[in-house]
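6 protein chains.
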Amino acid sequence: MNRVPDTELVKIPGGTLLTDSPEEGRALAFAIARHTVHNIQPDLDVLVAGRPKYATTPESLIAASQVVAIEFQTIAAANNYWRS
Amino acid sequence: MNRVPDTELVKIPGGTLLTDSPEEGRALAFAIARHTVHNIQPDLDVLVAGRPKYATTPESLIAASQVVAIEFQTIAAANNYWRS
Amino acid sequence: MNRVPDTELVKIPGGTLLTDSPEEGRALAFAIARHTVHNIQPDLDVLVAGRPKYATTPESLIAASQVVAIEFQTIAAANNYWRS
Amino acid sequence: MNRVPDTELVKIPGGTLLTDSPEEGRALAFAIARHTVHNIQPDLDVLVAGRPKYATTPESLIAASQVVAIEFQTIAAANNYWRS
Amino acid sequence: MNRVPDTELVKIPGGTLLTDSPEEGRALAFAIARHTVHNIQPDLDVLVAGRPKYATTPESLIAASQVVAIEFQTIAAANNYWRS
Amino acid sequence: MNRVPDTELVKIPGGTLLTDSPEEGRALAFAIARHTVHNIQPDLDVLVAGRPKYATTPESLIAASQVVAIEFQTIAAANNYWRS
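Chains as they are written, first to last, in this note's numbering: chain A, 1 to 84; chain B, 1 to 84; chain C, 1 to 84; chain D, 1 to 84; chain E, 1 to 84; chain F, 1 to 84.
Looking at chain A on its own, in the form it has when it is part of the complex (with noise of 0.2 Å):
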């Protein structure tokens, strides 16, 4: 198996849901949401196989975005919507 390198298998990258700014914090949400899927399928053959059917199906990408909506949300209430 060719595995991902271990760097992308951490849960939460940082080790912290707290951020600078709203586009860090988005940022975070992306890295958690793929590396939730790392640690669900770590072949990285596989995830790549997979990518060319995935990345070009609308339905798909609009799934993978509401995944990154959804860990955002949290992200945003840990950092109190980095209102001050």
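Be a bit skeptical, because a hint or two may be false.
No copy labels: a pair is met if it fits in one copy or bridges any two.
Using 25 Å as the maximum straight-line C-alpha spacing, the simulated SDA-like pairs for lysine to any residue come out as follows [unchecked claim]: (1) K11 / E24; (2) K11 / D45; (3) K11 / D43; (4) K53 / G15; (5) K11 / V46; (6) K11 / M1; (7) K11 / S84; (8) K53 / A27; (9) K53 / A77; (10) K53 / S21; (11) K53 / M1; (12) K53 / D20.
Everything labelled a hint here was simulated from the structure, so no lab data went into it.
Since the structure of chain A is provided, determine the placement of chains B, C, D, E and F on it from the hints.
Positioned in the frame of chain A, the structure of chains B, C, D, E and F alone reads:
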């Protein structure tokens, strides 16, 4: 690859969740959702190719609407629902 | 293109999440959900063409109901659940 | 069209999210979910025609249950979870 | 019709969202999710007939798990997350 | 039936939602999601049989990720987002 412009890849356009009105907050929800797709699939040709079927399929439009609804939950909370 | 009227493209009809009653809040949730679809697909002919199948498929009706439920969560929170 | 009765089209039956008990709150969640479908598709014959397949398909029952769960989240929050 | 027993149709088994522990709260989430399906489809024979395919399909198990997760969000909030 | 071990059927492993770090909280979200599936389908052979297709299908991985995201929302809130 016909890459979407860099401005379309900013994850949180404007860099804040705070807006002056619900209407602007909703527009931000649309933008964040769209930019999420762009970040996952930055090839504009692929995105354009997928649109005819996606945009004429009610179930796909509903799925996209759900993502906007979730993003808006976050933005509305960030703005204390524009209460006063 | 037979474009939906501009009034149907306002993202938050009325410009506020605050309503006088749960019933009005729910009506707003329906309107926001509908306007979201209109903004993604503003061609009325396409929307009308999709309706016969969508509106007779229980799973599609359930999916649409879920979007309304999510929009209503936001609106209900905004109104402190119309508690007093 | 064999239209569902007007009482089935009230969006928030009873006009309030507040109930005396969790059981009544859950019943309200069911009612709101059902009335949402009625508002999107008010033709009773269509609804009845869709039921045999929908109600015998586990995945459709799960999807419907999810909508009830989301509506209940809102109602439970409105009632402070009937804590005291 | 081989109707599920009345005890399986109570919408909120026990009549409260408050439990002594997270484990009991999770059990309640399972029960509420199951009773929701029972209320939509109270024919036990239909439910049993659907199980073989549903319970061996990972995507269906994931969908069911998501409903439990949503119910648990409500119950956990009701119990202040069993913090002390 | 090749039943999953009892330890895999505990609904909330560890009996608490409180963890020392986001990483541990995320691990708990994974565990709760997995144990939920185990409780619905406790036959290990069935679970193993479903894995090859599920774990190589991007849409299924996304769906599983969404469940983890929802479980994590609850756990993160329980821990006040590990803010201090």
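Results of checking the hints against the structure:
1. K11 / E24: Answer is both; intra-copy 17 Å and inter-copy 9 Å each pass.
2. K11 / D45: within (20 Å within a copy, 28 Å between copies)
3. K11 / D43: within (16 Å within a copy, 28 Å between copies)
4. K53 / G15: Neither, since 32 Å and 32 Å both go past 25 Å.
5. K11 / V46: So K11 and V46 pass the 25 Å test inside one copy only (20 Å; across, 27 Å).
6. K11 / M1: For K11 and M1, the Cα distance is within 25 Å only inside one copy (20 Å; across copies 31 Å).
7. K11 / S84: between (28 Å within a copy, 20 Å between copies)
8. K53 / A27: within (24 Å within a copy, 30 Å between copies)
9. K53 / A77: neither (34 Å within a copy, 36 Å between copies)
10. K53 / S21: This pair counts as neither: shortest intra-copy Cα distance 33 Å, inter-copy 36 Å.
11. K53 / M1: both (22 Å within a copy, 17 Å between copies)
12. K53 / D20: neither (35 Å within a copy, 39 Å between copies)
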